[in-house]
Amino acid sequence: MSPVLQNVSIGLSEEQTMLLDVARGFVRDKAPIEVVRAQLETETGFDAPIWQAMVDMGWAGISLPDTFGGSGMGVGSAVPVFEALGSGLLGTPLLSTTLAGQLIWRAGGESAADWLRRLCGGAVGSVALLDQADWGAANVGVELNPDGTLSGTKRYVADAGVADIFIAVANEGGAPVLAIVERDALGEVAISRNTLIDLTKRAGNVDFTGAEPAQVIRGDSVAIALRDTLLLGALFTAAEAAGAADKCLRSITEYLKTRKQFGKLIGSYQALKHPTVDIYVGMENARSFVYHGATVVGDTALSVDAEVACRMAKVSADDVMVYAGDRSVQFHGGFGFTWECDSTLFIRRAQWAQQMYGGALHHRKRLASLLLDKR
Amino acid sequence: MSHNKAALSAFRKEVAGWMEENVPTDPGFLLPLTFLEVGTEQQLDFLREWQHKLWSAGYLGMHWPSEYGGQCADPAYQHIVDRELGRHNAPIIFNTIGLNWVGPLLLDMGTDEEKAKYVKNILSGEEIWCQGFSEPDHGSDLGAVQTRAVRDGDDYVVNGSKIWTTLGNYADHMILLARTNTNTERKYDGLSFFLSPMKIEGVEAHPIRKVTGEYGFNQTFFTDARIPASCLMGEDGGGWTVAMKTLEYERGVTAGQASGHWGVTIQIDDMIDELSQLEHDGEPLLSDPVVRDDLVSFVMDAKALSLCGRRMAIPALNSDYPMGLALSVKYRSTEYERRMKQYTASKQGAQSALYVGDADAVRGGFWQRAYFSNFGATIGGGTTQVQANIVAEHVLGLPK
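Protein chains in written order, with this note's numbering: chain A, 1 to 375; chain B, 1001 to 1400.
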């Protein structure tokens, strides 16, 4: 085994592999692009019956143990679902709900059981992490006061407008704690919506000042759970981006096979053909990293192999998604520059995804240490 | 032979033990990095003896039929041998064109007579093969082959020339693609495929010097060379199909090769080991943030290659682009290797400018030579640019 490459296993279970087919079929049948477009400028950003269908199939608890109503198929099982959702550019609160579940389960275990059951049953959860723009900062600017209330604002909270349960990362005497806050505990004007670059996604700033958490999770497990949840966020976002990159590639190749200029199909020009091949190769690489990530992440604290896998998956998927979205606009020519062209959706998804849970710079810096400093 | 984990693991141990004892030590002269650069009789004799030794031990063409010199084993056994050859930095197994494309082609499409005549001697190293596809005016465009073979009684009379004939000056046989008919509607239909003798009158191989300074290539000239009509493989006019099948073996799209150890294995770990010994601005090179970021990219490229290799074996995870991973292997791997070697050769300060032959060169100029040599991989067997066209057309369905 190569000391630098370390673990190179890919071993999705039969159930997980089947899930990929099922989820792709679901997205194909339920979420054609018109359905996605219909939600672009709505308040919630998602189609309630589609979300309910996903909950009914057990996807809200796809990464959680069956004791709480989850699938019991292991945390990696979320990967094929997110890849499929990404391929449809389908907006849903699944990513925020999944990560909220992972965070309180990893930090609180059984003590979070009631919340986990609610999340598996379709309540929307969201992790309120960022105090400001830096994914690499400690982000403990919100205080848990001695009187049991919170003070401070979290920014860029995914699906804030529709979340039923917030997991706010707060500071208590110098240690990070997780404050579980129900929507009803927030003030009426606590949430202000962000204007996101990706119109299939939603986020907002949440002022927790005065809110009283329904439960607080404390202890050493919090920091590890936070680190691992961010890594899983990177992996799941990467899976979504890999799926979206594939869809974007298909839209490019379709156009290159039908559009004629100067009497020739434009797909016959190598200036368009070869970059398209690079998108294909990048997409396949990203998918390999994502499946590898799904193989090595586990339900206990993530290993070094898993950390490397999640970070590489994110870097790889970001790179190809940005390249695919960018080239998609360019290769569609004047039409590519218009709102009607789906390239608009792809390039916006790319710009959104590349920063979520840390961009390439964030992960590459950490990968350099993981790969080079143990020598 | 059974194919269970315990048996494979025992076999791995056995092979590793054999390698410890039998892999030749440094002969005291420069050995070629790949089969494309065998340039002296001294190298040839050494490599032929080494191949014969490996075959005699039963470790070459293990999955080929025993009546033709193989062991009828599962291909997993040969993969183990190949990996151990790499791990032990063994000299290359040089008769690559015979072992990896002619042999599998004959076993697949050849007559019993052809198999009996050629296959065993390929494994033993007794007979060397070369390939006559490319021509001076037609490198990647094989359909345009112009070398003529004209039927005359029991012979074909061949005129023309082939280029980039690796091992041509030492070879006993050539797989020759020649035009037997100039009046076909499609240019491909006028081509025929021959198992052609090299050591006959009218065939001359002239060595060509490469960018590395070494030899290995030839231009082969045919001047009224008479080859027996029995050398025709398949039908007169059916050469294109056989040539395309050959390329599948050459490009690794179809398995069956006798040994993958055709070049010195250079891994990402070798790169990082080398760089870890260098300094920049008086500090260890690996503490430089720019270099660190570059290396993350290289490690990711290497890891992606390994992971995609694993994924190729899991149909459910790559069925949406059938053959996509296989058809893009050459495109993905050879360019990464070229960049990786160039990078390592360029981080040695003033020593980056030294080449093979200078006593002060880092590792005898290994990386500089390896970089240049790597163009054999990005150009040979269809250039990177042709590979991109293949992926575009056959995987993505883009128009020609």
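Hints are computed from structural coordinates only; laboratory data are not their basis.
Misleading hints may appear alongside valid ones.
Derived Cβ-Cβ restraints for the label pairs, each shown as a range [to be verified]:
id, chain 1, residue 1, chain 2, residue 2, range
1, B, G1364, A, D21, 22 to 30 Å
2, B, N1089, A, S9, 54 to 62 Å
3, B, D1137, A, L40, 33 to 41 Å
4, B, S1276, A, S221, 35 to 43 Å
5, B, P1322, A, K374, 21 to 29 Å
6, A, K260, B, R1151, 53 to 61 Å
Covered stretches of chain A, as calculated for chain B (at least 3 residues, CB under 8 Å) [as the list claims (entries may be wrong)]:
id, segment
7, 40-46
8, 265-274
9, 312-326
Simulated pairs of lysine to aspartate or glutamate, EDC-like, Cα-Cα distance not exceeding 20 Å [what the hints assert, rightly or not]:
id, chain 1, residue 1, chain 2, residue 2
10, A, K257, A, D305
11, B, K1400, B, D1141
12, A, K264, B, E1127
13, A, K365, B, D1320
14, A, K374, B, D1320
15, A, K365, A, D305
16, A, K374, B, E1127
17, A, K257, B, D1141
18, A, K374, B, D1269
19, B, K1199, B, E1127
20, A, K374, B, E1279
21, A, K30, A, D278
Glycine is no exception: its CB is placed at the ideal position from the N, C-alpha and C atoms.
Comparing the hints with the structure gives:
no.	hint	result
1	B/G1364 x A/D21: 22 to 30 Å	violated, 53 Å
2	B/N1089 x A/S9: 54 to 62 Å	violated, 26 Å
3	B/D1137 x A/L40: 33 to 41 Å	violated, 56 Å
4	B/S1276 x A/S221: 35 to 43 Å	holds, 37 Å
5	B/P1322 x A/K374: 21 to 29 Å	violated, 40 Å
6	A/K260 x B/R1151: 53 to 61 Å	violated, 45 Å
7	40-46	violated (count 0)
8	265-274	holds (count 6)
9	312-326	holds (count 3)
10	A/K257 x A/D305	violated, 41 Å
11	B/K1400 x B/D1141	holds, 13 Å
12	A/K264 x B/E1127	violated, 49 Å
13	A/K365 x B/D1320	violated, 34 Å
14	A/K374 x B/D1320	violated, 39 Å
15	A/K365 x A/D305	holds, 16 Å
16	A/K374 x B/E1127	violated, 49 Å
17	A/K257 x B/D1141	violated, 24 Å
18	A/K374 x B/D1269	holds, 13 Å
19	B/K1199 x B/E1127	holds, 11 Å
20	A/K374 x B/E1279	holds, 18 Å
21	A/K30 x A/D278	violated, 30 Å
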